[in-house]
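Visitor: Residue strings, one per chain:
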Amino acid sequence: MLRIGCGAGFSSDRLGPAIDLAEKGRLDYLVFETCAERTLAFAHRDRKLDPKRGYNPQLRARMRGVLKACKRNGTRIVTNMGVANVPEAARVVIEVARELGLKGLKVAAVMGDEVTDLLGPDTKLFDHHDKRIAEIGLPYTSANAYLGLDAILPALESGADVIITGRVADPSLFLAPIAHKYGWRNDDWQALGRGTLVGHLMECGMQITGGYYADPGRKDVPRLADCGYPIAEVTADGGCVITKLADAGGMVTSRTVKEQLLYEVHDPARYLTPDVTADFSKVELAEDGRDRVRVGKAGGARRPDTLKVTVGFDGGFLAEAGVSYAGPNATARAKLAADILSERLGREVGIGGAGTAIRIDQIGLNALHATAHGPRQAAEDVRIRVAMRTADRAACETMLWEVESLLCCGPAGGGGYRGQITPSVVTHSALLERERVTPRVEVLVA
Amino acid sequence: MRKVKLHDIAHARAGDKGNTSNVSVWVYDPGDYPLVKAQLTADRVKQAFPNLVKGPVRRYEMDQLHGLNFVMEDALEGGVNTSLGLDSHGKSWSFLLLELDVEVPENRGPAAAT
Numbered sequence: 001m002l003r004i005g006c007g008a009g010f011s012s013d014r015l016g017p018a019i020d021l022a023e024k025g026r027l028d029y030l031v032f033e034t035c036a037e038r039t040l041a042f043a044h045r046d047r048k049l050d051p052k053r054g055y056n057p058q059l060r061a062r063m064r065g066v067l068k069a070c071k072r073n074g075t076r077i078v079t080n081m082g083v084a085n086v087p088e089a090a091r092v093v094i095e096v097a098r099e100l101g102l103k104g105l106k107v108a109a110v111m112g113d114e115v116t117d118l119l120g121p122d123t124k125l126f127d128h129h130d131k132r133i134a135e136i137g138l139p140y141t142s143a144n145a146y147l148g149l150d151a152i153l154p155a156l157e158s159g160a161d162v163i164i165t166g167r168v169a170d171p172s173l174f175l176a177p178i179a180h181k182y183g184w185r186n187d188d189w190q191a192l193g194r195g196t197l198v199g200h201l202m203e204c205g206m207q208i209t210g211g212y213y214a215d216p217g218r219k220d221v222p223r224l225a226d227c228g229y230p231i232a233e234v235t236a237d238g239g240c241v242i243t244k245l246a247d248a249g250g251m252v253t254s255r256t257v258k259e260q261l262l263y264e265v266h267d268p269a270r271y272l273t274p275d276v277t278a279d280f281s282k283v284e285l286a287e288d289g290r291d292r293v294r295v296g297k298a299g300g301a302r303r304p305d306t307l308k309v310t311v312g313f314d315g316g317f318l319a320e321a322g323v324s325y326a327g328p329n330a331t332a333r334a335k336l337a338a339d340i341l342s343e344r345l346g347r348e349v350g351i352g353g354a355g356t357a358i359r360i361d362q363i364g365l366n367a368l369h370a371t372a373h374g375p376r377q378a379a380e381d382v383r384i385r386v387a388m389r390t391a392d393r394a395a396c397e398t399m400l401w402e403v404e405s406l407l408c409c410g411p412a413g414g415g416g417y418r419g420q421i422t423p424s425v426v427t428h429s430a431l432l433e434r435e436r437v438t439p440r441v442e443v444l445v446a
Numbered sequence: 447m448r449k450v451k452l453h454d455i456a457h458a459r460a461g462d463k464g465n466t467s468n469v470s471v472w473v474y475d476p477g478d479y480p481l482v483k484a485q486l487t488a489d490r491v492k493q494a495f496p497n498l499v500k501g502p503v504r505r506y507e508m509d510q511l512h513g514l515n516f517v518m519e520d521a522l523e524g525g526v527n528t529s530l531g532l533d534s535h536g537k538s539w540s541f542l543l544l545e546l547d548v549e550v551p552e553n554r555g556p557a558a559a560t
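Residue numbers (the numbering used here), protein chains in the order written: chain A, 1 to 446; chain B, 447 to 560.
The following block holds chain B by itself, in its conformation from the complex (with noise of 0.2 Å):
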């Protein structure tokens, strides 16, 4: 097995509502998805941003679409209309999951040089 980065293996969008945050993350290749699924759980995210998300973390699975949805609660700040910080929608969000790590075994994953 070898660590890549989310961002070598998945794609993800930000959104916000209040003071909650979601990030949709798909894999490019399906064949990535059990790992990630398995790897990339709800406990995952809600202990890689202690001091940012606040409240609970649920995951929503979409298995046919090779997908994850997580729901942030009490993660942006206060809010769009609260928070002081630069990005108060949180849209930068998708990125800081993307930066988290995954086991991929050596033939899966990116081809760049490890």
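Chain A with its partners taken away, still in its complex shape (with noise of 0.2 Å):
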């Protein structure tokens, strides 16, 4: 039997409960998962602020926490945390190890997946009604290719303590330990589908266990405040158990596995990977113990021919400013800020204007779902928020002050600014044919 741990699943995931993982999991392997659509974006913009930047903010801190324990147990990271920048992310893996006087550690780097110099301004995204990139109408900044099994089980293979990639597939990320563990062929789709199952089940961390999951009163969750980590005991047929450890908070139910199982999946008999076209459409699941699910009857299909691909754009900046009224009519004082913030920022700035998009929310009112619902009646807790995408920078700068401007001359009562100015980056998704894109690692040892 192989167990994975899972140990972040996103960008900004815990640590402490990763830390546990590694101390008591007694894992054959422990995966970081930190790379989407939007951290992805956001490291290409680190990474072009600074080269020695674009990997994971966190990997530093996370090598710290586990690397000893994980040597100690004889446990294996894999983490996609390079993002954008791979070998930089390995150099400091490498340089954590020696710090924990971990000589001899081996780091094998996989990269291969920014394709940036393949697509073209013809490249049409699928995303987005096959526009090209030319049409876009911002300045085309990078490309990366998911890659999967085939990029990941040469570093496997290689013996690497820590196998560090940037955007590979999150499923195959634990499909490549189990397929290197049980020798599956890479066109053995069945199999495939069934570790891709795994993989998917797990690549969101705690969204199994209990996270994103709790609803008081209908859904409730134990110590949610320490909820653990899943972890998955795979067999050789790719059947799984999905777990967590005793003394960790959170819980293992059919129904938060349920709610993982389609998590982010479209039609549950095709969900497409670079590795296989996986069927989830007839998953049974069966509670086996206190927090243990058996995972079984997932399929899998011949893999696509083209790797999906996501383009990243220049988005200028995002402008984000907020001022609040509360207490007896917050809701009109609050609706006239609006009113004078629409008046004067469609004066200063160009509401609507070519090239910036800008929007007003009452939070309080209906924020979240404005869009589908419009505004809600009346509240005592009443915030603006104006939110703007732009390439000018000084009609940012205008819009956080025209907000702030509203303490002395707007209503009564407002308080509570803050505002912010970020780079931002668009993406959008293409194809590329498979054979266009050449994986390769490179090992490095401390």
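With a straight-line Cα cutoff of 35 Å, these simulated DSBU-like cross-link-like pairs (lysine-lysine) come out:
1) A:K282 - B:K449
2) A:K282 - B:K463
3) A:K297 - B:K537
4) A:K124 - B:K492
5) B:K492 - A:K308
Rather than coming from a laboratory, the hints here were simulated on the basis of the structure.
Taking the hints as your guide, dock the two standalone chains into a single complex.
Guide: Written out as structure tokens, the structure reads:
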């Protein structure tokens, strides 16, 4: 049996429970999944500002936290924390290993996902009505192909203690160690489909152990504040049990597993990865004791001929600013503030003008669901939030100034101004023939 | 028959890929699955949020697990790196669906007084 833990399900995921897994999980592999459309875009932005950045900002802290225990327990680490700068990330792991006295620790860097030079102005963006890159109207900055099993296997075969990648499909981070352990062929579609399900269930960390799940009174989760990361016990046929450390908070039930089963899945019978067309449509679940759910009946068919590519564009800046109103008649005062801003920003920075997108929300009256529902009637604590995306930094600064100025010249009792301007990256998706992408592995030794 | 919120009899999770949102809906009690399957059609979801869901809605059924998966295209105001909304992932879209009404027989649904 193979025991795989997940020590991060996204870029900013918690560290402590990952250390618990490294110490007490009796794991063969510990996987950190930290790369998403948003975080990849941020990483490219970071690397542009400083060529020594662009990997996961928590890489050093995570390695300091788990590397010693993993080495001691014979647990190998697989992670995409290289994000947009795998070579630099590999150097950081080596640095931490030396700092911890782990001489001889081997790090395998998986590269080749960056395909910026392989796309051009005529590349079609399938997620955007097949518009071409040139039609987006923003500077094209980066492209990363989703690598898979074939790219990670050579790194595992190198015997490395830590395998660090950039953009690979999230489930492949888990599938690769399973296929490596059990010697699966890369065209054993049934097995790869089952291993991909294990990866899919595990890749978001605590989203299967009670995170992103609790709804008090309906779905209560024990000790959510101390939620543990999941462990998968995988057998040679690709079946698995999802569980967690007994003393960790959270829970694993068929309900937590169901919600994760279709998380970010469209057609459950055709879940596309670089490795396989996985079929989750007939999956069956069985509770097998406390915090143990047995998962079976996934399938698979031939993998796609193309790889998905995340294409990044320079989106200029995202500016956000807010001010709050509370107490009697707060709704009307906030509405007045929003009206003033609409009028003045229209004049100053051109709301709806070419190249500028702007939005004003009334938090408390319906912000998250504003487009779906429109505002609610009244509240006694309302925050005006203005958000704007544009290449024009000066316009962003004008907007922040306008919102802040409401403290003295807007409606009564306005307070709590905050404003920030951050560089913005816009992403779309394209497809690339698999043959055009060449993964490679480089091994470093501490 | 009486009206309850879908939230009274089902749970849900939202996910995003680009500008497409998917929400999976799972009934607590398998006995409620047929009525949810009959009432919560793709058309119903499309019509409930005309200003938000600009593209087609497709529904996939997971009968053995008593769940439905709604895939809503062009439903995230551009997607996570484009939307100006606070919740640019649409993480809270699950609760948009759970707010919809469903009709249940008098002897089904939550025990709460109506």
